[in-house]
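Novice: Sequence order for the protein chains is A and B.
Per the numbering used here, the very first residue in the first sequence carries number 588; after that it's consecutive.
Per the numbering used here, the very first residue in the second sequence carries number 10; after that it's consecutive.
What the hints contain is simulated information worked out from the structure, not anything from laboratory work.
Among the hints, erroneous ones may be present.
Unchecked claim - Here chain A is said to cover these stretches of chain B; the calculated rule only asks that three of the stretch's residues, wherever they fall, bring their Cβ under 8 Å from a Cβ of chain A:
(1) 40-48
(2) 305-316
Claimed, not checked - In the BS3-like style, the derived pairs of lysine-lysine whose C-alpha atoms are separated by at most 30 Å in a straight line are:
(3) A:K814 with B:K199
(4) B:K141 with A:K708
(5) B:K211 with B:K222
(6) A:K814 with B:K306
(7) A:K832 with B:K133
(8) A:K758 with A:K800
(9) B:K199 with B:K211
(10) A:K708 with B:K318
(11) B:K216 with A:K616
(12) A:K708 with A:K616
(13) B:K40 with B:K306
(14) B:K222 with B:K199
(15) B:K114 with B:K216
(16) A:K616 with B:K114
(17) B:K318 with A:K814
(18) A:K616 with B:K40
(19) A:K616 with B:K199
(20) A:K616 with B:K222
(21) B:K315 with A:K814
Here the structure is a predicted model, which means the values were calculated and not measured.
For glycine and all other residues, C-beta sits at the position ideal for the given N, C-alpha and C.
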Amino acid sequence: MPFIIATVGLTVLSVALFSMTLRLRNRCKRIEDTLESVTGNLEHLQRSFQRFVPQDVVEDIIHRGVATRGERREITVMFADLVGFTAMSEETSPETVVRLLNGYFQTATRAIAQHNGYVSKFLGDGFMAFFGAPEPNPWQETDSVKAALALREALAGYNETLERDGLPPLKVSIGLHAGPVVAGVIGSLELVEYTVIGDTVNTASRIEGLTRKFETDILLSQSVRDKLDDRFDLIQQPAIEVKGKAEPVHTWSINAYRD
Amino acid sequence: MPATAATYENISWSPDCLVPQGPPLQPEISKRIKAQYGYIPEFASGFALVPWLLDGIMRFNEMPVVHITHQMKDMVMMIVSQDSSCRYCYGISRSLLQISGMADKQIRQLEQDLYAADMPIDRKAALEYIRKLSRANPRPGAQEEEGLLEAGWGKEAVTEVAFMAAEAILFNRAMTLSAAQPAPLEGMSKGLRGMLFKPIMKRQLSKRPIGQKVPLGDANGPYGGIVRIADGLPGALTFRVMIDGAMSSGILPRRSKAIILAVIARMLLCDACEREAVRILAEEGFSEEDSKQMLEKLSSPLFDEKEAKMAPIARHTVRAQPAEMQGRMNELRGVLTPAEFVEFIGVASLGNALSRLSCLLDRC
């Protein structure tokens, strides 16, 4: 009798232990699956973030909690703005404005990226891009001008689409300038971006503004001009005083590029 | 667009191998390739059009380790391949680590977060070093090397790790520019096949050679300064043989090869390699001013039709994502003969390796 009780007791205990082990294993598996899913999401976020910020900087932020890196670099800055868009947007429905802008930005970003540029920020109906950062680019000036020409051509194609939809064409003005900047991840805890600051940025913006004065769509500074070969068909513009600059600024407009 | 470290799933890769088919392989070469790969990869007969490239690849596959382990070598290959987004090398190296017994969890940790991976500090320090070398933005210098020495690495072991990383870069570029298709080995460690074959493959992997030092012999020749640093390591001899083979082959003109190497060196801001390429260009009739103008403008009135195409594409072999690199290589296929196309792949791969490896010159 004691033997039977002991056997039954052991059997019940074994079943209970087995059942508990099984439940624990299933629970561990569910936790592992959840962790795997969360890790996958984090990886996806990290990859998405790397579209805006260099990989080394992303890892810096992850492991040190803050972006500590800033560096001085020689880059080429592009400012691009849609001419007359603000006035047009006041007479156009909001949905159409957004649609026009997004289509234009998609077209523009592709043209910039195809020529090794990096669109840093959108500024209303314009944007700032740069060449030579986050990664060095020995031919950044040439790339920037080719990108501007590609944007000109791409916009012509986009305007054909707009015309078919009964919408007015867009017109872009582009300014290019090369020089030193400070590059880094800048902002607050709530909002950061990888960007560049310095006089080079201000000058590029001023040169974009000069396109109206010279009635052209693309203007580049002497520092960009110096690095181009003679396949670029350029027209020198008169030297002009620019706010914030002690010396007159020399600029060039561009007809075409002979490949 | 800057390259990003990839996971398996998101590497965009051409569905077709870009390397043209060459003539049937000679029996001894087929045997050697099968001994290394277990099958004849699609790119092998095309690579045979450029004997120095195929021979170099096989030499690297057969190369023994001296100061490090084969598992360390596989980890170096995986980290560099992940960083380069080389679908082919990433797949193979990951599979080798699984077969040789590394836990999936540990491999995943390496892939996701090298900093937090559970491994000895000296090994982690070495992998961080080689990732910096791979990214070359900027390349690691004397300070980073000092960190490895402090972590317990000997100078010769550091040199071997750097050469392994350069070898991985060379493979990555060769396989990416070729759009080599994923190897059958990738699936061999999983499921029923894994259960059956893994023990056999693990035993085979454990027989990979551990070697003695091999004197370089004649260390002169192009890029001798870089190769000489690893005198004694098998990798130095292999690089020496590849460089000499590349420079003396009659497929692409020597001048064209120097242009490719100079452009890659300029893209990676490697003064030593650029000087060496310009020296070769001088021997081929380019004046100092010609080379200077060529590198500033990435064009030259002295270029022939093929060089005018190759020079701009060479720069895109350095940092572009695979899809872009393979797109550019498609442009070249219409311009070069099959052998020239394959040799471009070889020279560009060699240039990418050498211009990163020259960071070791900082110690000299």
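Novice: So, for every hint listed, does it hold in this structure?
Specialist: Against the structure, the hints come out as follows:
Counting residues of the region 40-48 of chain B whose beta carbon lies closer than 8 Å to any beta carbon of chain A gives 0, which falls short of the minimum of three for the stated coverage. Note: the region 305-316 of chain B has 4 residues with beta-carbon separation from chain A under 8 Å; the three-residue rule is met and the coverage holds. Between the alpha carbons of K814 (chain A) and K199 (chain B) the distance comes to roughly 54 Å, so the proposed pair goes past 30 Å and is violated. Straight-line distance between C-alpha atoms of K141 (chain B) and K708 (chain A) comes to about 28 Å, which keeps the hinted pair within the 30 Å bound.
Of the pairs offered as hints, the one joining K211 (chain B) and K222 (chain B) holds, with about 26 Å between alpha carbons and a cut-off of 30 Å not exceeded. A distance of roughly 7 Å separates the Cα atoms of K814 (chain A) and K306 (chain B); the hinted pair therefore holds under the 30 Å criterion. Proposed proximity of K832 (chain A) and K133 (chain B) is contradicted: the alpha carbons are some 50 Å apart, above 30 Å. About 15 Å separates the Cα atoms of K758 (chain A) and K800 (chain A), which keeps this hinted pair within 30 Å; it holds.
Restraint check: the Cα-Cα separation between K199 (chain B) and K211 (chain B) comes to about 13 Å, which is no more than 30 Å; the hinted pair holds. Of the supplied pair hints, the one linking K708 (chain A) and K318 (chain B) is violated, its CA atoms being roughly 33 Å apart against a limit of 30 Å. In summary, the hint linking K216 (chain B) to K616 (chain A) is not supported, as the alpha carbons are separated by about 36 Å, beyond the 30 Å threshold. As the CA atoms of K708 (chain A) and K616 (chain A) are separated by approximately 43 Å, the hinted pair breaks the 30 Å bound.
Distance restraint check for K40 (chain B) and K306 (chain B): the Cα-Cα separation of roughly 46 Å exceeds the 30 Å cut-off, and the hinted pair is therefore not satisfied. For the proposed pair K222 (chain B) and K199 (chain B), the alpha carbon gap of about 37 Å is over 30 Å, so the pair is violated. Proposed proximity of K114 (chain B) and K216 (chain B) is supported: the alpha carbons are some 25 Å apart, at most 30 Å. Between K616 (chain A) and K114 (chain B) the CA atoms are separated by roughly 14 Å; this keeps the pair inside 30 Å, and the hint holds.
Restraint check for K318 (chain B) and K814 (chain A): the C-alpha separation of about 20 Å stays at or below 30 Å, so the hint holds. Taking the CA atoms of K616 (chain A) and K40 (chain B), the gap is near 45 Å; set against the 30 Å cutoff, the hint is violated. Restraint check: the Cα-Cα separation between K616 (chain A) and K199 (chain B) comes to about 19 Å, which is no more than 30 Å; the hinted pair holds. Proximity of K616 (chain A) to K222 (chain B) is assessed by CA-CA distance (about 48 Å); at most 30 Å being required, the pair is judged violated.
Straight-line distance between C-alpha atoms of K315 (chain B) and K814 (chain A) comes to about 23 Å, which keeps the hinted pair within the 30 Å bound.
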